[in-house]
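Enquirer: Chains A and B supply the protein sequences, listed in that same order.
In terms of the UniProt record's numbering, the first sequence opens at residue 1 and continues consecutively.
In terms of the UniProt record's numbering, the second sequence opens at residue 1 and continues consecutively.
Just so you know, these hints were derived from the structure itself, not from any lab.
Hints should not be assumed to be uniformly reliable.
Said to hold, decoys possible - Derived lysine-lysine pairs resembling DSSO-like cross-links, with alpha carbons at most 30 Å apart:
id, chain 1, residue 1, chain 2, residue 2
1, A, K16, B, K217
2, A, K6, B, K418
3, B, K18, B, K217
4, B, K391, A, K16
5, B, K418, B, K391
6, A, K16, B, K418
7, B, K391, A, K6
8, B, K436, A, K16
9, B, K308, B, K369
10, B, K418, B, K217
11, B, K436, A, K6
12, B, K264, B, K369
Stated by the list, open to error - A few chain A residues that face chain B, going by a derived Cβ cut-off under 8 Å, partial list only:
id, residue
13, D27
14, L31
15, H32
16, G35
17, F36
18, S38
19, F41
20, V45
21, G53
22, V54
23, D55
Note that the structure is predicted; figures quoted are calculated from it, not measured.
Glycine included, C-beta positions come from ideal geometry on N, C-alpha and C.
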Amino acid sequence: MSVRSKVIEAIQQIAKEQNVTLPELSDDLSLHETGFDSLAFAILVARLEDEIGVDPFTISEDAAFPATVGDFVRAYANVPA
Amino acid sequence: MSPREIFALRDHLGAELKGRTISDAHDVVSLTDILSHTVLGGRLRELSGRAVLLKLSDQLRSGLAMIELDGIARRMLLCPPDLNPAHLDALIADAGIDAVVTDEPDRWADTCVPLVVVARLPLQVIAPAKSERATEWLMLTSGTSGVPKIVGHTLEALTGAIVAEGPARGQAPVWATFYDIRRYGGLQIFLRAVLSGGSMVLSDPHESLADHVARLKARGVSHISGTPSHWRKLLMSGSAAQFAPAYVRLSGEIADQAVLDGLKAAFPNASVGHAYASTEAGVGFAVNDGLEGFPADYLGNRNGVEMKVTDASLRIRSARTAHAYVGRNAAALTDADGFVDSGDIVELRGDRYYFVGRRGGIINIGGLKVHPEEIEAVINRHPDVRMSRAKSRRSPITGGIVVADVILTEGTDQARAKEIRDQILEHCRAQLASHKVPAVIRFVEALDVTPAGKLARTDV
């Protein structure tokens, strides 16, 4: 499974658990518009760390938190797992 | 004025009850004629009035030495097996130790302890000794890093709850415990066995659970106690099926509904009760209605034990609490009114109080305080879960999140893991605030339990 599909699947799983209705997950969608709160993002990052083996936001101190879904996926895609 | 009558352990051990024993995995010792035998090589006189360190590698000789020393020594300090040797010097200084009872005399040859007495089996015949004084019992607190605190008890305080319950009806019980008897929870059981006219079967840290249970059964154990973690391990082991005690007791950790129900199912003919006790607060109460928590009307004065809740924690005042911390820099054990703060946080729901966790065990989740036990209690309620541990994990987004390690009940189909995970999360979301719901659930084969029988909450 590609990194992208792992990230998207995790987002959809958490949305289901948190009763969040997701808009279509295009690359341009701002993370704010996903309807996720900070707790949901914290869950997402923790699960992806277990699944993919990296937490790109802790590894690099100066990594700005991504603004869009595309940025978020790239943060994982760009880190060697 | 005549001095107050001294009632030591030996004075509870009349010779009228035959067939009483205390045993471990290697030896069986008769309690019936114990008063005319010595484990101390006949050197009890030398220990009269001394502050004695009881530092033995096994529980059997420790228990026999306690029977002999109580009423003779000025004080005795019980060393649990997991005591860090680096802390011994500080404890010896704080307790004013001037004698040691040991099975490793070479280790004490060049130390500042002036009197070294060797405890050995088999017992030797001796003329019975007479109680001279009320010996102070010193026990060590568990669970803290650093030098443990020394807690001072009297035999009267230690046995207050046992005496209040009165003698066991019917056949003399055969007691056993998963605890070590040099810890408060285990000592309570040892004292129950001595006072009740029964027998005692000791645990052995080197024995497998299956062998231990086989021995409990072979010795006819009828009454047995342990922490919820001990019991969960037994239920997981599959060994419980061969064992049918009459009384099953839990203490030392929160007994949640899942473990109470699990024990009731495993031992349908046993009465299952959970007791509230701590090294400092003594025995508070026992709950025998099969439900977690305790009735709200237990607060107030009940059978000589006064309880109140202040700042959400349970406070206890009674003749069964320890009387002091011992040592040069010892803090006060009670507040100005004589109440011990147990540090156990309780919450009133309806007409019952429920334990939610330890004050010192709070984990911080994004600035919010969370008791891991509260989360575990919800997870453990799932029928396919045997045991769980909640803890915090660093998060770059919120600072911290809750994660949980879960052991499934034996024989659970691994293919159902995802379905079970979703159900657990659903239960947690229905019953817990959102920041307490585990972000990640991991299924594990085992969880560490400390030597004191409690779920290990820090990773080694």
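Enquirer: For each hint, tell me whether it holds in the structure or not.
Expert: Now for the hints, and whether the structure bears them out:
1. For the given pair, K16/A sits about 50 Å from K217/B by alpha-carbon distance, which is inconsistent with the 30 Å threshold.
2. For the hint linking K6/A to K418/B, the alpha-carbon distance of about 16 Å falls within 30 Å, and the restraint holds.
3. Taken as a hint, the K18/B and K217/B pair is honoured in the structure, with Cα atoms around 20 Å apart against an allowance of 30 Å.
4. With a C-alpha separation of about 24 Å, the suggested pair K391/B and K16/A falls inside the 30 Å cut-off, and the hint holds.
5. With a C-alpha separation of about 21 Å, the suggested pairing of K418/B with K391/B holds against the 30 Å cut-off.
6. For the proposed pair K16/A and K418/B, the alpha carbon gap of about 14 Å is at most 30 Å, so the pair holds.
7. Between the alpha carbons of K391/B and K6/A the distance comes to roughly 25 Å, so the proposed pair stays at or under 30 Å and holds.
8. The suggested pairing of K436/B with K16/A holds, with an alpha-carbon distance near 18 Å, which does not exceed 30 Å.
9. Simply put, K308/B and K369/B have alpha-carbon atoms about 23 Å apart, close enough for the 30 Å limit, and the pair holds.
10. With a C-alpha separation of about 39 Å, the suggested pair K418/B and K217/B falls outside the 30 Å cut-off, and the hint is violated.
11. About 25 Å separates the Cα atoms of K436/B and K6/A, which keeps this hinted pair within 30 Å; it holds.
12. Proposed proximity of K264/B and K369/B is contradicted: the alpha carbons are some 33 Å apart, above 30 Å.
13. Because the beta carbon of D27/A sits about 21 Å from the nearest beta carbon in chain B, more than 8 Å, this interface hint is broken.
14. At a threshold of 8 Å, the smallest CB-CB gap from L31/A to chain B is about 11 Å, leaving the interface hint violated.
15. Taking 8 Å as the C-beta contact cut-off toward chain B, the hint placing H32/A at the interface is violated, the least distance being around 14 Å.
16. For G35/A, the interface hint is violated, the least distance from its beta-carbon to any beta-carbon of chain B being 14 Å, above 8 Å.
17. Below 8 Å, beta-carbon pairs count as interface contacts, and F36/A has none with chain B, the closest being about 10 Å; its hint is therefore violated.
18. At about 5 Å, the closest approach between the beta carbon of S38/A and any beta carbon in chain B falls short of 8 Å, and the interface hint on this residue holds.
19. Annotation: F41/A was flagged as interfacial toward chain B, and the flag holds, the nearest CB pair being 5 Å apart, inside 8 Å.
20. Because the beta carbon of V45/A sits about 6 Å from the nearest beta carbon in chain B, less than 8 Å, this interface hint is met.
21. A cut of 8 Å between beta carbons decides the hint on G53/A: the least distance to chain B is about 14 Å, and the hint is violated.
22. Because the smallest distance between the Cβ of V54/A and any Cβ of chain B comes to about 12 Å, over 8 Å, the interface hint for this residue is violated.
23. Among the interface hints, the one on D55/A holds; its C-beta lies about 7 Å from the nearest C-beta in chain B, closer than the 8 Å criterion.
Consistency note: the structure conflicts with the earlier hints numbered 1, 10, 12, 13, 14, 15, 16, 17, 21 and 22.
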